[in-house]
Each structure stands twice: as structure tokens, then as C-alpha cells.
Amino acid sequence: MERTLVNQIVEGEVSLVIDYQPGKSVAIDVLQGAMRLIESLDRLDGVLLSSVNTSLEPVSVLNDVQHSSLKMMLARALRGLSDDHLGNLEWKKWVGSLLVKGKHKLLQHLDADAPEIRKLLIEMEPDYSSMPQGLVGYTPPQVADVQAALVGVSKARATLPGQHVTIQTELGDISLPETEIVPDALEQLEAQTSVTNKGVEYFKIKSLDLLGKSQWTLLRNQKPVKVDMLHQRWLDDYHERKIPILPGDSIESHYEETISYDANHNEIERKIAIVEVVRVIPPPSQQSLNY
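Residue numbering for the sequence shown follows our numbering, starting at 415 and increasing by one per position.
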């Protein structure tokens with residue numbers, strides 16, 4: 415018999431408000447756009463909790479619907495809650511507060527570049543470490559995951575052109591700006607066991623991205639590796655020839671490396687993402703660097 419996961423309500427109601435045009439807006443377009451936005455908010459909540467417990471599944475529970483504008487009041491609930499936390503009201507209160515603060519901070523920066531997201535997550539570190547008494551604190555999620563979740567919200571927002579969309583929270587209202595991102599199906603990410611390393615490292619440039627695909631080949635320990643460049647503003651400056659850089663130069667950068675494993679703990683994938691390029695170092699300055 416299939417086990418049904420019970421929804422555990424946590425604090426932190428939010429409201430999704432869509433100012434449609436009565437008598438003009440196509441009903442199914444407005445409702446489908448609302449569903450896409452709710453789905454994207456659940457995904458953002460999932461990312462916010464990914465560093466706490468990957469088995470937690472945030473879901474939106476419909477509390478009320480008001481008209482004139484379409485206002486959907488959404489309670490926060492979790493599936494997959496462990497027995498240890500089922501009766502812990504302080505833990506549920508902490509999770510609810512964390513999700514509200516996280517959404518309120520991040521949704522104001524839908525188009526944020528990776529370095530800006532990294533700074534926002536650093537600002538959220540006290541919220542993650544302030545667990546209820548007797549429990550161990552946590553750290554914020556990965557920059558790459560947050561960036562992908564915000565892109566998902568932008569894609570959902572793009573399904574409601576010409577409509578004013580607002581997210582209301584106890585911390586204030588957030589107007590979601592219209593986006594030029596072409597909406598498509600949100601990618602389904604496979605759940606895998608993974609370990610993420612973060613830090614600052616020097617990488618030597620092997621080959622440059624000339625096509626704007628944000629994937630570069632760098633040398634790490636004298637071995638070529640493919641990396642994803644998340645620092646979009648730096649990439650824009652590079653493609654506009656504002657940053658001189660050649661093969662053989664090195665970059666000092668903040669990075670995230672995610673290593674995925676199968677059920678037998680065999681490594682199956684290793685991904686490196688450059689979150690922020692701090693500086694470019696030409697060859698004459700590289701003699702003291704070890705690779």
C-alpha cells in the first residue's frame with residue numbers, strides 16, 4: 415500500500431496577487447500563470463530548505479481566494495517531516511520564518527547575478543544558524559541552486575504578460591517585474607547524493623568561451639575542466655571587450671564544486687561553477703601560484 419505523506423503546516427502565509435483585467439483576461443491564461451508561479455515558489459522554498467534536509471518537500475496549501483484582483487492566500491506546509499520534528503513547534507516556527515525571510519529577500523532580486531546572490535545568502539547565515547535551542551544550526555543553500563530557482567520564478571512570471579503580479583508577506587509586498595525570459599517547462603532535477611565544496615581558488619584559462627554559452631575550459635592541477643560561469647555581469651563585460659583576458663591568464667574566483675554519487679557511493683558526476691571572478695592575473699604575476 416502506497417504511503418501518503420501528511421502535510422505539516424508551518425508558519426508563514428504568503429499571498430499571490432494577480433491584477434487581471436475583468437472581462438478581458440483569458441481565464442485559463444491567468445489560472446495557469448498562477449499555478450506556474452505557485453509551483454516556482456514551492457521550488458524556491460525547496461532550495462531554501464535543501465541545506466537543512468533534502469527530504470523536506472514544501473507545498474502550498476490554499477487558504478482563501480479573493481476576487482477583483484485574483485488573490486490566493488497560501489499557507490506553507492511540509493511533507494517528509496521526520497518524527498523528531500513532527501511535534502516540535504519551535505522547529506516548525508523557525509522553518510516558517512526562514513521561508514518567509516528567504517522569499518522576501520530573494521524575490522526582490524529576480525535578476526541577481528551570482529555574486530549578488532552569494533552576498534544575499536551570506537546575509538541569511540544568521541537565520542540558518544538560529545535554530546531552536548538544543549538543535550544544530552545550518553548554512554544557506556548553494557548559489558547555483560538559488561539562481562536556478564529564481565530563473566524558474568522569472569519563467570513563471572513570463573506567462574502573465576501585461577498583468578501586475580505581487581507577492582505579499584508579513585515583511586512587506588514584492589512586485590514581480592515583467593521578464594523577457596521565454597517560458598518553458600521547468601526542469602526536473604533528479605535527486606542524487608551529493609557533496610558540495612566551496613572556496614576561493616586560482617584557475618588557469620585553457621580556452622575562452624567565444625559563443626556566449628557561459629562554459630569555459632580551465633586548468634585545475636594542470637588538468638582541463640569544464641566550468642559553468644555564473645558571474646553574468648563579468649561575462650557581459652568580457653564579451654563587450656571591457657576585460658582583457660587570454661589563454662594562459664589565470665582567474666581568482668569564488669567557486670562551488672558539486673560531486674554526485676550513486677547508491678554505492680561511486681562518483682558519477684562532478685560540476686564546477688564559478689560564482690564570482692575576483693580578478694584576472696596575467697602570466698608574469700603567476701610565478702608564485704601552484705597548479
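There could be a bad hint or two in this list.
As the list claims (entries may be wrong) - Under the rule of at most 25 Å between Cα atoms (straight-line distance), these lysine-lysine pairs were calculated in the DSS-like manner:
no. : residue 1 : residue 2
1   : 438       : 515
2   : 656       : 620
3   : 640       : 656
4   : 637       : 612
Treat the hints as calculated values from the structure; they're not laboratory data. The structure displayed is predicted, hence computed values, not measured ones.
Status of the hints after comparison with the structure:
Proximity of residue 438 to residue 515 is assessed by CA-CA distance (about 35 Å); at most 25 Å being required, the pair is judged violated. This hinted pair checks out: residue 656 and residue 620 have alpha carbons roughly 20 Å apart, not beyond 25 Å. At most 25 Å may separate the alpha-carbon atoms for a hinted pair to count; residue 640 and residue 656 meet this at roughly 23 Å. The straight-line distance between the Cα atoms of residue 637 and residue 612 is roughly 19 Å, inside the 25 Å bound, and the hint therefore holds.
Hint violations for this structure: number 1 only, all remaining hints satisfied.
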